[in-house]
Each structure stands twice: as structure tokens, then as C-alpha cells.
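Engineer: The lines below spell out each chain.
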Amino acid sequence: MPRTVIETFSVTRLDILDAEGNVDEALLPPLSSDDMVRMYELLVLSRTFDDRALSLQREGRIGTYPSILGQEAAQVGSAFALEQGDWVLPSFRETGVHITLGYSPALLFQYWAGDERGLACPEGLNVLPVSVSVGTHIPHAVGIAMAARYRRDRVAVVAYFGDGATSKGDFHEGFNMAGVFRPPVVFICQNNQWAISVPRTRQTAAATLAQKAIAYGFEGIQVDGNDVFAVYAATRRALERARSGGGPTFIECFTYRLSHHTTADDADRYRSASEVEEWKKRDPQERLRRYLEKLGYWSEGYQRELDERARGIIDAAVRAAEAAPLPDRRDIFTTVFEGLTPSQARELEVLHDAGA
Amino acid sequence: MAEMNCRDALNLALKEEMRRDPSVVIWGEDVALYEGSFKVTRGLLAEFGEERIKDTPISENSIIGAAIGAAMGGLRPVAELMTVNFALLAMDQIVNHMAKIRYMFGGKAGLPMVVRAPGGGGSQLAAQHSQSLETYFMHCPGLYVAVPATPADARGLLKSAIRDNNPVMFLEHELLYNSRGEVPDDPEFTVPLGVAEIKRRGDDVTIVAYSRMTLLSLQAAEELEKEGVSCEVVDLRTLAPLDRTTFLESVKRTSRAVVVSECCHTCGVGAELAACIFENCFDSLTAPVRRVSGLDVPMPYSRRLERLCIPRVEDIVAAVKNVMQQKY
Ligand SMILES: Cc1ncc(C[n+]2csc(CCOP(=O)(O)OP(=O)(O)O)c2C)c(N)n1
Ligand SMILES: [Mg+2]
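Chains as they are written, first to last, in the numbering used here: chain A, 1 to 356; chain B, 357 to 684.
So that you can see chain A by itself, here it is in the shape it has in the complex (with noise of 0.2 Å):
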């Protein structure tokens, strides 16, 4: 009997703009000057607002929140690639991926409040509510797309979701159902090294995690999560794939978080200072400021009102997130059922006597 090799595998990864800002024109995408400023000033605005998450965290004006420092080229470069219609799932830590979809930070600001009004999606977006359980939206996504196709419907369909989360049970099942059905989905998983305490290499003992979707029947490739460009190739590509009924496709962005997990976290305790040096010398957005510059596109000037511009938007959306009137107490029930049970309007009634 002889012993024969039936099945091998190769693993792509993507890399467009280096470190130094320079690209690899042979595998630039297709985008103008304005999108490169745009998406250079999406980076710096959602690098605002993460900045000023932390600190209103540290006021006491939000709750616990987990910052994006480092990872916003993988998520603005992704979004930037959605169109009007799609659907977005993300995980709990994609604040650059509303920021690019124009979901309003205050709404934002008002969720990391403690108000899940915030999660309401505005007319016009379809990203659902932050999954902060981890991994457990990846099915809901293939269900999405499986609808969108069974309706006509040529959206697509992007779940967004951490290196911990490809340790659980719903992504497995997930990208199999994916595989076997094709659905119109995207998965873009931001692999930041680091799930709270837990290093990438303790998540799996896979060299990748983008190999992850061979084994279901569908590409996985892994991108330069701090490069833009690439991440927006990647993404645009899977789009495309995925509207012209080619199945699903799998994204690694490899980045690395450079805050604590949370405010609640403190980092130091499990990783090495000289780590996370390393990956700030990776920097997403200082990359692309180079690369503008060397095309012209980029002054200090210019930097200095964009960043007064973003600070100005940014603080308009803390004011009227602050501005928001509190949760009244029928906001308990309101929105469990359409229309409040009778034990529900009971319990109101009970709560209104108590003058709670």
C-alpha cells in the first residue's frame, strides 16, 4: 500500500505598507488620495476617542472600558471596505470599526456609560449590539448571511472577534456551518496577542491562526493587522468574494494591544515592558502619516487641525452623551418584550407605589 500525500496547505499573510511608510505599489488597492487622508483621520479620531474613554474612565464618568491603542489600522482599515447595507457583529473592543461606519460616538460614549440605549443602532447601520461574551456572535453571523442570501439581499456580513475567542466552541461550529452553507460572511479576527493573561500561543497550538479556516473549507489569511492598506485589501477582497457567492473568508489581523485588557486590567503583571516597546515602534497610524508625508498629503500644520478637529467631535459627543436624559424605570420593561405582560405592568405599577 503505498503512503501518499493528499492534501497540503499554505498559509498567505499580506503586507502592503511597512513600518518606515513605505508600500509595495504592486499590492496597493485601489484608493484615491482623499480615501488615504480619510482613513488617516479615521485612525486619528478613533485614537481620540479611545484617549478620552480612558480618561473619563478615570474621572468616573464611564464604566470599564477596553481600548483600541494599537489596533485601529484593523479596524478602520476593515470598515472602510463595508458598504452601506452591510452587516456588522462586533466583539467589545471595535471602537474604530463604529467610528468608520459613522456610528455616532455619542451613542458610544453613552453605552461605556452604563446605558445600553447606546447599543439602539441608528437607522441606516446594521451593526448589532457589542458581543461581550466572547465568540458566541460568530454564529449569529452565519445566520445572518445565510438570510441576506436566501432573501436576495447582496449584503454581506463581518464578525469581528479576538485571538481568545477561536478557543471556543461557537467559532468552531461557527466556521464549519460557514463552510458547509457559504454564506455571504466575513470573519475578521484581530489577533492582539494577548487575551487578558492568556498569550496567543496558550489560546492554540496552531502556527497560525488563519490556517484555522482550511480545516472548514475556506481561506484564511493572515494580514499585517497594523497595515491599513492590507487590511483593507484583505477585507475588500472577501467582500467581494463573499457578494458574488463565493463563501466565507477568514481574516487574521495580526496586531498587538497595546493597553491593559480593560481599565480594569493592569497588563504589566503578565508581559514584559520590552513587548510592548517592540510593537509601538509598529505603530498603524504613525506608518500611514509617514507615508502621507512623503506624498505630500501630511504637514504638522495640517496635524494640528485635524487633531483639534477630532478633539472638537469628540468633545461634542461627551456633552451630548452626558446630555443624555437618565434611563427611566419603565426602561426596565420597555424593551424585554413588544409590549409590556401583564406582569410586567404589575411589577411597574409595584415599583411606581414604592416611589423607587
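What the hints contain is simulated information worked out from the structure, not anything from laboratory work.
Watch out, some of these pointers could steer you wrong.
[Claimed, not checked] List of simulated lysine to any residue pairs, SDA-like, C-alpha gap at most 20 Å:
| # | chain 1 | residue 1 | chain 2 | residue 2 |
| --- | --- | --- | --- | --- |
| 1 | B | Lys677 | A | Leu351 |
| 2 | A | Lys212 | B | Ser418 |
| 3 | B | Lys395 | A | Lys212 |
| 4 | B | Lys395 | A | Lys280 |
| 5 | B | Lys395 | A | Glu219 |
| 6 | B | Lys410 | A | Thr201 |
| 7 | B | Lys410 | A | Ala206 |
| 8 | B | Lys410 | A | Gln193 |
| 9 | B | Lys608 | B | Thr622 |
| 10 | B | Lys410 | A | Leu351 |
| 11 | B | Lys395 | A | Ala267 |
| 12 | A | Lys280 | A | Asp15 |
| 13 | B | Lys395 | A | Pro199 |
| 14 | B | Lys582 | B | Glu670 |
Predicted, not measured: the structure shown is a model, and the values here were computed from it.
Once you've looked at the hints, dock chain B with the ligands against the given chain A.
Structural biologist: Relative to chain A, chain B with the ligands alone:
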């Protein structure tokens, strides 16, 4: 006696049992280097090493499933769920396997395992992370369910749970970790599973509670004392096995009962307790039993609204007063 908080009492119990029995191991998310999201496993990695305390991937279903396997394979695993809410991801392992394997193997396979899980509301963690799920486990035949309220009980019950050959869901309340109390020094101190404790003696009404609600009930009893109402407070300590005798005897003596639980009202622990009292003490009751429990809603994220959904001391006081005024 030493004064300590529940976190340290649980930590001490884990250390003592790991020293005592090399087959005790701990598996969970962020339990080793990070020492647990609530720091209950502090110092364990340093003392017992990676072989006995392991950070798992984020795979709740397999954390429990593998612990079941390890228990059948001769260890005494203590699996830590980061919060009880993630038990829902492992519900088939818990309900169909952890609870039933001993029975289905004709008693041949013991399941000496503990699942530790912090839970409860009040920390503003929103709907999916603030639940009190004890009813789910209490409803499932084949599981022990421990719900300690004090540091002494936390330590004593955890030690018993680890030594016991039955599978135990060990439910810790997140708001009790910093709560302090006296804990006996004896390293062999344990609290038996299935034995309630009368935490306060009284004559007019029996308050039956567990976990954090025991502390609130004791505060309510204190306030009511000032108004001349004498409350007996029974702390169940475990929901399964349920020590019916202690609270039924108490209710027969006081003739009135208020049952307090943080879980949702409908079909909650309070419903079981009230039914039990009606079935067994009907003739002794001078007023209907009252339940104080969580509202039947997903927990709001808003602090202001969350407050309204979890029983407070004043709710218990009001329920007791109501029972004192009513008559059959
Ligand atoms: C099902 C489930 N298990 C555990 C947790 C607790 N938890 C919250 S975030 C997190 C780590 C997630 O890591 P990763 O998927 O890499 O995302 P990242 O935080 O790095 O963005 C864990 C374990 C949770 N929220 N849900
Ligand atoms: Mg991660």
C-alpha cells in the same frame, strides 16, 4: 479565630486542600499567572506550579468537560468559571454529564469535582454578566449547589466540596469577596454540605436566605428589631442538598416566613422554598409566605435601574412588615 474576607477564606481553603491532597488541581481562564479575575487563586501558581494550576483556552464547555474526565480519571479537579454566566456555555456538560454520569454508570464512576463560579448582580456588568443562575442548577437532579454567605462558610463549604465525591456547583457572590468575618483557625475546619445554619434567633418571623441575601436579611432583622419585630434568619448555605428541616422547624415555631433570593422571581429558589413551607407548615402559618426576589427582567446596565432589580434591605423589611400585618 482570624478575621478575613471571603476571597482570602476561599484562597485558604484551596491552598489547604491542595496541600492535603495532591490529586486536587485547578483549571480555568486566567487562574494561574493572573490569579483569577477575582484573585481567589492568588499565590497558588507559585506554590503548586503549572502542573496543578492551569490557564485554559477560552473554552468553557471543555473546561467543564475535561474536569469531568479528570474526575473520572482519578483527580479532584476544581474548575473555575470566570463568572457563572459562562456556565451557560457548558450547560450540556453540567446538566447531561456532570449531574448524570454517576447514576448512569450505576454508581461506579464517582465525580469528585467542584465548579467554582462567581456571580450575582450589583456590579453594573449588564444583562449577560449579572445573573444569579442557582435555580438552574438546583433544578437539575444530580448536582450539589453551595451558596456561602460568610467567610467561615465559604472556607468550610469549599473544603467539604473538594473532599466530597459528588459534583458540586460552588457559587460565590461577587459582592461578597471583600466581605469580612471570623474564620476558625483549625486547618481541618469544614462545614458539611446540606446543613443550614440559623444565623440569628428570633420568634416572630423566619427569614430564609442564602449567599449575599443572608447578609441583607441580617441587616433587615437588625432594623426590624428596633421596631419590635423579632426575626429568625436561616442561612441555607447549600441549595442542594436542601436542609428543609432547619427552616421548616423554624417556621413552625415563628408561624411566619419570608424567603429571600437574588435570582429572578418566577420559578426561582424562593418559589421552591415557599412551596415547601406551604406543603409542610400550612397549619402553623398565621400569614401567607412572602417572596423577596430579583425582578423578572434582563439586568439593566444602568446603575440606577440595576438597583431596582435586585432585592434590597428595605424590600426585606417591607416584606416582613407585610407578613406581620397579614392574618389568615
Ligand atoms: C464566553 C466568555 N468567556 C469568558 C469571558 C471573559 N473574557 C472577557 S474578554 C476575554 C478575553 C478575550 O480575548 P480575545 O478574544 O483575544 O479578545 P481581546 O480581549 O484580546 O480583544 C475573556 C476571557 C467572556 N466575556 N465570555
Ligand atoms: Mg486578544
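Engineer: Is it true that the CA of A:Lys280 sits at most 20 Å from the CA of A:Asp15?
Structural biologist: holds (18 Å)
Engineer: Take the C-alpha atoms of B:Lys410 and A:Gln193, compute the straight-line distance between them, and say whether it is at most 20 Å.
Structural biologist: holds (19 Å)
Engineer: Within 20 Å, alpha carbon to alpha carbon, are B:Lys395 and A:Lys212?
Structural biologist: violated (33 Å)
Engineer: Does A:Ala206 lie within 20 Å of B:Lys410 when you go C-alpha to C-alpha?
Structural biologist: holds (19 Å)
Engineer: Please verify whether B:Lys395 and A:Ala267 have alpha carbons no more than 20 Å apart.
Structural biologist: Answer holds: B:Lys395 to A:Ala267 is near 15 Å, not above 20 Å.
Engineer: Is the hinted pair B:Lys582 and B:Glu670 satisfied, with a Cα-Cα distance of at most 20 Å?
Structural biologist: holds (14 Å)
Engineer: Going straight from one Cα to the other, do A:Lys212 and B:Ser418 come out at no more than 20 Å?
Structural biologist: holds (18 Å)
Engineer: B:Lys395 and A:Glu219: Cα distance at most 20 Å?
Structural biologist: violated (40 Å)
Engineer: Taking 20 Å as the top limit, are the C-alpha atoms of B:Lys677 and A:Leu351 close enough?
Structural biologist: holds (17 Å)
Engineer: Verify the proposed pairing of B:Lys608 with B:Thr622, using a straight-line Cα cut of 20 Å.
Structural biologist: violated (25 Å)
Engineer: Does the structure keep B:Lys395 and A:Pro199 at a Cα separation of 20 Å or less?
Structural biologist: Between B:Lys395 and A:Pro199 the Cα gap is close to 19 Å, so the pair holds against 20 Å.
Engineer: For the pair supplied as a hint, B:Lys410 and A:Thr201, confirm whether the alpha-carbon distance does not exceed 20 Å.
Structural biologist: holds (14 Å)
Of the numbered hints given earlier, the model fails hints 3, 4, 5, 9 and 10; all others are met.
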